[in-house]
Structure formats: C-alpha cells, structure tokens
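Peer 1: For what it's worth, my numbering labels the leading residue of the sequence shown as 858, then goes sequentially.
If you're looking for bench data, these hints aren't it; they were derived computationally from the structure.
These numbers come from a predicted model, not from an experiment.
Yeah, the Cβ is synthetic: ideal placement off N, Cα and C, and Gly gets one too.
Take the hints with a grain of salt, since some may be wrong.
Unchecked claim - Listed next, with one range per pair, are the computed distances between beta-carbon atoms:
| hint | residue 1 | residue 2 | range |
| --- | --- | --- | --- |
| 1 | Pro870 | Gly907 | 17 to 27 Å |
| 2 | Glu877 | Ala898 | 12 to 22 Å |
| 3 | Lys906 | Arg871 | 16 to 26 Å |
| 4 | Ala898 | Arg871 | 30 to 40 Å |
| 5 | Lys906 | Lys861 | 29 to 39 Å |
| 6 | Trp879 | Leu899 | 12 to 22 Å |
| 7 | Ser863 | Arg885 | 15 to 25 Å |
| 8 | Gly907 | Arg871 | 12 to 22 Å |
| 9 | Arg900 | Ile864 | 28 to 38 Å |
| 10 | Pro870 | Lys906 | 10 to 20 Å |
| 11 | Pro870 | Gly903 | 23 to 33 Å |
| 12 | Thr872 | Leu899 | 25 to 35 Å |
To be verified - Each computed BS3-like pair below joins lysine-lysine, with the alpha-carbon atoms no more than 27 Å apart:
| hint | residue 1 | residue 2 |
| --- | --- | --- |
| 13 | Lys862 | Lys906 |
| 14 | Lys906 | Lys861 |
| 15 | Lys861 | Lys878 |
| 16 | Lys874 | Lys901 |
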Amino acid sequence: MSQKKSILLRIDPRTVKAIEKWAADEFRSTNGQIEYLLEQALRKAGRYKGKRDDVGEQAEGEPKD
C-alpha cells in the first residue's frame, strides 16, 4: 500500500471555508476535497497520468499500460 506524504499548507480563510462547504456537499473530508481538486488540476494540465508514485512505478492494483 502506498503511503501519503504529509505537508503543511497555508490557505486563505475564505478559500478554506469554500473548500469545506464544497467537501461537505460532496460527502468528502476537507483533506479529501483538496486532494481531489489537486489531482483534477494535474490531470487537466497533463501532469498527472494516473495512480503512480513519485518515481513512476506502477501502483498496487493498477492495470498495466
């Protein structure tokens, strides 16, 4: 199982409130919503291809290309 890295993130209080409300509307935690939004932005920018770790190895249970 892959481990997630913990980071400190400073966000404007107004932005946090908006993310918290959005997360609640979609039945996610605030952290889960931030992770979801970041993954979506990375995919849209073509910088995130799937569930791979930071060295590009295949994640457990991910189908082979």
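Peer 1: Of all the hints numbered above, which does this structure not satisfy? Sort the numbers upward.
Peer 2: 1, 3, 4, 5, 8, 9, 10 and 12
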